[in-house]
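Visitor: Kindly generate the complete structure, drawing on both the sequences and the hints.
The residues making up each chain are set out below.
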Amino acid sequence: EAAVTQSPRNKVAVTGGKVTLSCNQTNNHNNMYWYRQDTGHGLRLIHYSYGAGSTEKGDIPDGYKASRPSQENFSLILELATPSQTSVYFCASGAYKDWRAFGPGTRLTVL
Amino acid sequence: GQQVQQSPASLVLQEGENAELQCNFSTSLNSMQWFYQRPGGSLVSLFYNPSGTKHSGRLTSTTVIKERRSSLHISSSQTTDSGTYLCALELSNAGAKLTFGGGTRLTVRP
Numbered sequence: 003e004a005a006v007t008q009s010p011r012n013k014v015a016v017t018g019g020k021v022t023l024s025c026n027q028t029n030n031h032n033n034m035y036w037y038r039q040d041t042g043h044g045l046r047l048i049h050y051s052y053g054a055g056s057t058e059k060g061d062i063p064d065g066y067k068a069s070r071p072s073q074e075n076f077s078l079i080l081e082l083a084t085p086s087q088t089s090v091y092f093c094a095s096g097a098y099k100d101w102r103a104f105g106p107g108t109r110l111t112v113l
Numbered sequence: 003g004q005q006v007q008q009s010p011a012s013l014v015l016q017e018g019e020n021a022e023l024q025c026n027f028s029t030s031l032n033s034m035q036w037f038y039q040r041p042g043g044s045l046v047s048l049f050y051n052p053s054g055t056k057h058s059g060r061l062t063s064t065t066v067i068k069e070r071r072s073s074l075h076i077s078s079s080q081t082t083d084s085g086t087y088l089c090a091l092e093l094s095n096a097g098a099k100l101t102f103g104g105g106t107r108l109t110v111r112p
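So the protein lines, in turn, are chains A and B. Under our numbering, the first sequence is numbered contiguously, ending at residue 113. Under our numbering, the second sequence is numbered contiguously, ending at residue 112.
Hints in this document: simulated from the structure, not taken from any laboratory. All of these numbers come straight from a predicted model, not from anything done at the bench. One or more of the hints may lead you astray.
As the list claims (entries may be wrong) - Quick list of in silico lysine-lysine cross-link-like pairs, DSSO-like style, CA-CA up to 27 Å: (1) A:LYS99 - B:LYS68; (2) A:LYS59 - B:LYS99; (3) A:LYS59 - A:LYS13; (4) B:LYS99 - A:LYS99; (5) B:LYS56 - B:LYS99.
Unchecked claim - Far from chain B, some chain A residues (derived; all Cβ distances over 10 Å): (6) ILE62; (7) GLY65; (8) GLN73; (9) SER86.
C-beta atoms are modelled at their ideal positions from N, C-alpha and C, and glycine is treated no differently.
Guide: Now the structure itself:
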């Protein structure tokens, strides 16, 4: 069954540490997205990608990097994690003018 | 101003009542999707509906492009319908980005 999976599902990191969140999709979608969700802010787009090798800045890219090494995989990288990056992170895949599917989310806590 | 607005922000129903959730957008769109989310949960796609009307069980989605609005109708609500409903749009002026509304938090009481 086509799906979007994320790992890890939960992560506790220390301030200043490096965190990598991974996403894999089997929908064969060209586009992939990283969102964060916080109370009072809803879902906000961090980075997205049009295909392998491409990454684009979303609405709140500061403090985050992204990597798309293949059609199926899209990673979100926090080089120097800060407590303000404590959030729930969702990955999604989709196609232009078409539906999107979301992963189960990763709960990140930065202490 | 906000490009996607949902109303109401919250809604409380008694089980068995119907609900109408609205999503209004300020520019033309390429795609439109409704999602359901439980607290702490993932986003479950309810409808992909860029135009027209679609049905799924007790749910109906209607998107009227000319009026720049989409609605989600829930009939005969159940306590298990409680959660947050989100509309998400791919706006014509935003490439492949998906823009979310603020959501409607629905509570259905027994």
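Visitor: With reference to the structure, classify each hint as holding or not holding.
Guide: Hint-by-hint comparison with the structure:
1. A distance of roughly 18 Å separates the Cα atoms of LYS99 (chain A) and LYS68 (chain B); the hinted pair therefore holds under the 27 Å criterion.
2. Of the supplied pair hints, the one linking LYS59 (chain A) and LYS99 (chain B) holds, its CA atoms being roughly 10 Å apart against a limit of 27 Å.
3. A C-alpha spacing of about 24 Å is found between LYS59 (chain A) and LYS13 (chain A), which places the hinted pair at or below 27 Å, so the restraint holds.
4. Taking the CA atoms of LYS99 (chain B) and LYS99 (chain A), the gap is about 10 Å. The hint holds against a cut of 27 Å.
5. With a C-alpha separation of about 23 Å, the suggested pairing of LYS56 (chain B) with LYS99 (chain B) holds against the 27 Å cut-off.
6. Non-interface status of ILE62 (chain A) relative to chain B is upheld: no Cβ of that chain comes within 10 Å, the nearest being about 12 Å off.
7. For GLY65 (chain A), the non-interface assignment is confirmed: its Cβ lies about 19 Å from the closest Cβ of chain B, beyond the 10 Å cut-off.
8. Listed as outside the interface, GLN73 (chain A) is consistent with that label: its C-beta sits roughly 15 Å from the nearest C-beta of chain B, beyond the 10 Å cut-off.
9. With a least CB separation of 20 Å from chain B, SER86 (chain A) remains clear of the 10 Å interface cut-off, as annotated.
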